[in-house]
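Participant: Here is how the chains run, residue by residue.
There are 2 protein chains.
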Amino acid sequence: MNRQVIVQELPKGELTPDHFSLQERDMPVPGEGEVLVRTLLMSIDAANRSWMQGPTYREAVKAGDAMHTYALCEVMESRSDRLAPGDIVATETVWADYAVRPARGCEKLPSVSSLSHLMSVYGIAGKTAFHGLIGVGQPVPGETVLVSAAAGSVGGYVGQIAKAMGCRAVGIAGGPEKCAWVRDELGFDDCLDYRDPGFFKALRAACPQGVDVYFDNVGGEILEKVLFQMNERGRVVCCGAISQYDSAAPTGPRNLPGMVVVKRLRMEGFIVMDFAREDGNALRALQNWVAEGKIKVFEDVVEGLENAPSALIGLLNGDNKGKRMVRVAPDPA
Amino acid sequence: MNRQVIVQELPKGELTPDHFSLQERDMPVPGEGEVLVRTLLMSIDAANRSWMQGPTYREAVKAGDAMHTYALCEVMESRSDRLAPGDIVATETVWADYAVRPARGCEKLPSVSSLSHLMSVYGIAGKTAFHGLIGVGQPVPGETVLVSAAAGSVGGYVGQIAKAMGCRAVGIAGGPEKCAWVRDELGFDDCLDYRDPGFFKALRAACPQGVDVYFDNVGGEILEKVLFQMNERGRVVCCGAISQYDSAAPTGPRNLPGMVVVKRLRMEGFIVMDFAREDGNALRALQNWVAEGKIKVFEDVVEGLENAPSALIGLLNGDNKGKRMVRVAPDPA
Numbered sequence: 001m002n003r004q005v006i007v008q009e010l011p012k013g014e015l016t017p018d019h020f021s022l023q024e025r026d027m028p029v030p031g032e033g034e035v036l037v038r039t040l041l042m043s044i045d046a047a048n049r050s051w052m053q054g055p056t057y058r059e060a061v062k063a064g065d066a067m068h069t070y071a072l073c074e075v076m077e078s079r080s081d082r083l084a085p086g087d088i089v090a091t092e093t094v095w096a097d098y099a100v101r102p103a104r105g106c107e108k109l110p111s112v113s114s115l116s117h118l119m120s121v122y123g124i125a126g127k128t129a130f131h132g133l134i135g136v137g138q139p140v141p142g143e144t145v146l147v148s149a150a151a152g153s154v155g156g157y158v159g160q161i162a163k164a165m166g167c168r169a170v171g172i173a174g175g176p177e178k179c180a181w182v183r184d185e186l187g188f189d190d191c192l193d194y195r196d197p198g199f200f201k202a203l204r205a206a207c208p209q210g211v212d213v214y215f216d217n218v219g220g221e222i223l224e225k226v227l228f229q230m231n232e233r234g235r236v237v238c239c240g241a242i243s244q245y246d247s248a249a250p251t252g253p254r255n256l257p258g259m260v261v262v263k264r265l266r267m268e269g270f271i272v273m274d275f276a277r278e279d280g281n282a283l284r285a286l287q288n289w290v291a292e293g294k295i296k297v298f299e300d301v302v303e304g305l306e307n308a309p310s311a312l313i314g315l316l317n318g319d320n321k322g323k324r325m326v327r328v329a330p331d332p333a
Numbered sequence: 001m002n003r004q005v006i007v008q009e010l011p012k013g014e015l016t017p018d019h020f021s022l023q024e025r026d027m028p029v030p031g032e033g034e035v036l037v038r039t040l041l042m043s044i045d046a047a048n049r050s051w052m053q054g055p056t057y058r059e060a061v062k063a064g065d066a067m068h069t070y071a072l073c074e075v076m077e078s079r080s081d082r083l084a085p086g087d088i089v090a091t092e093t094v095w096a097d098y099a100v101r102p103a104r105g106c107e108k109l110p111s112v113s114s115l116s117h118l119m120s121v122y123g124i125a126g127k128t129a130f131h132g133l134i135g136v137g138q139p140v141p142g143e144t145v146l147v148s149a150a151a152g153s154v155g156g157y158v159g160q161i162a163k164a165m166g167c168r169a170v171g172i173a174g175g176p177e178k179c180a181w182v183r184d185e186l187g188f189d190d191c192l193d194y195r196d197p198g199f200f201k202a203l204r205a206a207c208p209q210g211v212d213v214y215f216d217n218v219g220g221e222i223l224e225k226v227l228f229q230m231n232e233r234g235r236v237v238c239c240g241a242i243s244q245y246d247s248a249a250p251t252g253p254r255n256l257p258g259m260v261v262v263k264r265l266r267m268e269g270f271i272v273m274d275f276a277r278e279d280g281n282a283l284r285a286l287q288n289w290v291a292e293g294k295i296k297v298f299e300d301v302v303e304g305l306e307n308a309p310s311a312l313i314g315l316l317n318g319d320n321k322g323k324r325m326v327r328v329a330p331d332p333a
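Residue numbers (this note's numbering), protein chains in the order written: chain C, 1 to 333; chain L, 1 to 333.
Please keep in mind that the hints were generated in silico from the structure rather than gathered at the bench.
There may be inaccurate statements among the hints.
Here's a subset of chain C near chain L, in silico, CB distances under 10 Å, partners left out [stated by the list, open to error]: (1) R3; (2) Q4; (3) P176; (4) Y194.
The list that follows gives simulated cross-link-like pairs (lysine-lysine, BS3-like), each with its CA atoms no further than 27 Å apart [unchecked claim]: (5) C:K263 to L:K108; (6) L:K108 to C:K225; (7) C:K163 to C:K321; (8) L:K225 to C:K263.
Note that CB positions come from ideal geometry on N, CA and C, so glycine has one too.
Kindly generate the complete structure, drawing on both the sequences and the hints.
Facilitator: Given below as structure tokens:
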């Protein structure tokens with residue numbers, strides 16, 4: 001039998017466990033060109049929630065469907081010469097133990113020591129941190145790198161890569177507990193709580209040589225404050241603007257573009273695909289740093305298919321540190 | 001005898017002709033290491049006014065002083081082996097027919113067919129346009145280049161250089177008369193009046209392929225509107241933020257940094273000195289384009305030392321088109 005998590009009812013307001021139910025179905029059978037895959041690790045993302053609100057860049061999830069997900073899977077049975085049993089693939093699938101997928105919709109992955117790393121340090125999070133910091137921010141050893149959302153899945157790697165390159169790494173996060181974790185567990189030189197009324201003063205003290213690269217995940221008021229601390233010819237890596245996404249009346253930093261003119265700054269946006277040609281370099285560098293112990297892999301893994309609903313609900317409430325995923329089955333030996 | 005324009009009284013509010021008086025003084029005599037120079041062309045800049053308000057990056061002008069200026073001069077008599085009579089130099093001097101200057105404070109200039117060009121197309125204005133557009137904006141033939149303050153001394157060259165490179169050049173200026181001049185005299189493909197209530201719609205129509213490079217001299221609301229029209233991977237050359245300089249409550253574009261993230265834009269500030277190593281290339285390219293008739297030199301030359309006060313007052317009221325200067329004596333043969 002095959003367990004699936006079904007969307008019982010589409011949420012109108014807040015998502016709750018009652019919107020899901022765990023059901024048993026017959027084992028699916030692959031047709032020509034298809035494969036039967038076993039789910040190993042499912043990625044849990046804020047975007048999952050938006051799929052329940054209607055069609056986005058992909059098909060909407062409907063009531064009665066198994067919940068959609070991006071996952072790492074093992075091929076169990078293949079009716080395609082593109083894939084063989086035992087292959088590890090990344091694919092769009094559903095919250096289930098097993099599923100049938102078209103072989104063309106599966107990307108075969110390299111073998112690594114721990115599969116979860118393909119969703120964190122060697123996945124989108126680590127590659128975004130690497131390409132954004134190195135390709136766009138271009139820090140030089142000795143420079144100061146500041147990063148917001150420093151306890152997030154991208155920000156936590158940005159600071160660690162900066163340290164590994166010989167830069168001073170300073171984080172910004174929400175609340176004293178997260179800040180302590182960024183300092184103590186991830187090894188940043190400092191981490192500042194943006195909710196603290198003394199934030200601006202603390203920022204100056206933490207960056208006595210000014211800021212050379214600001215890796216910005218949030219935009220808004222924090223960006224405005226940071227711009228005053230940027231050094232001449234500094235770089236702002238524009239990775240996200242979380243603070244503005246949910247606002248009815250977004251406010252622009254009042255010192256833009258003035259500070260860009262006066263300090264000759266560069267602000268630049270990017271997406272990780274822009275640097276696909278450099279992915280090989282990124283993975284090699286990240287693997288070396290992990291092997292040398294210079295980068296600590298941090299992941300937020302929830303065990304068990306049955307816990308996927310609460311893992312998603314918790315993520316939407318911001319209770320994760322690092323990349324959240326659900327382990328459905330152990331890594332194959 | 002030597003005519004000088006003296007600052008009779010420092011202005012408290014608006015500058016008027018009564019703040020100046022034309023006086024005759026004895027011809028000055030150079031000492032060891034000094035030269036006697038004859039003023040040919042004086043640069044008239046908004047910054048001149050700020051020198052009357054107290055010390056800035058330079059000494060303040062006081063009541064009773066001859067008004068300070070940047071000028072091109074001819075060496076008449078030299079007591080330094082650095083310079084010889086007949087040399088053309090750029091120097092800080094005063095509003096006068098003649099002055100004595102330290103030879104070390106004079107920069108010897110190459111000979112060109114028309115000296116005024118060293119203050120416009122081959123001076124700060126032309127070099128700022130060239131380095132900002134080419135070094136920072138990096139347009140490719142066929143792309144659309146948009147520039148604000150298009151009737152200004154920098155903006156007018158930006159659009160002409162863009163055209164010479166095979167780009168579509170669209171300007172933004174204040175009022176229908178200036179816009180017509182930018183189109184008809186400078187040869188831009190189009191020029192839009194930002195005061196027109198239909199400005200945003202006109203902008204979309206004038207840039208049917210979107211905007212690839214925006215050369216921004218103004219910041220503020222115009223920047224906000226332009227950002228919506230930028231193409232993915234577009235570049236914003238941040239040269240100035242005129243609209244914000246005089247404002248008690250500056251407002252930031254509300255779509256920053258959101259648009260930079262979503263469209264993967266690059267916004268970058270610069271000053272002309274950052275590209276000093278490329279000045280030789282800039283001058284060679286500009287001279288070729290002028291010789292080929294692809295770039296039209298436009299200057300705003302006021303004749304006569306006695307008209308310097310009204311030239312400055314008019315500039316502060318925005319009645320110039322292109323680089324304003326005062327001709328005190330004709331170019332030497």
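Participant: Can you list which hints this structure breaks, lowest number first?
Facilitator: 1, 2, 3, 4, 5, 6
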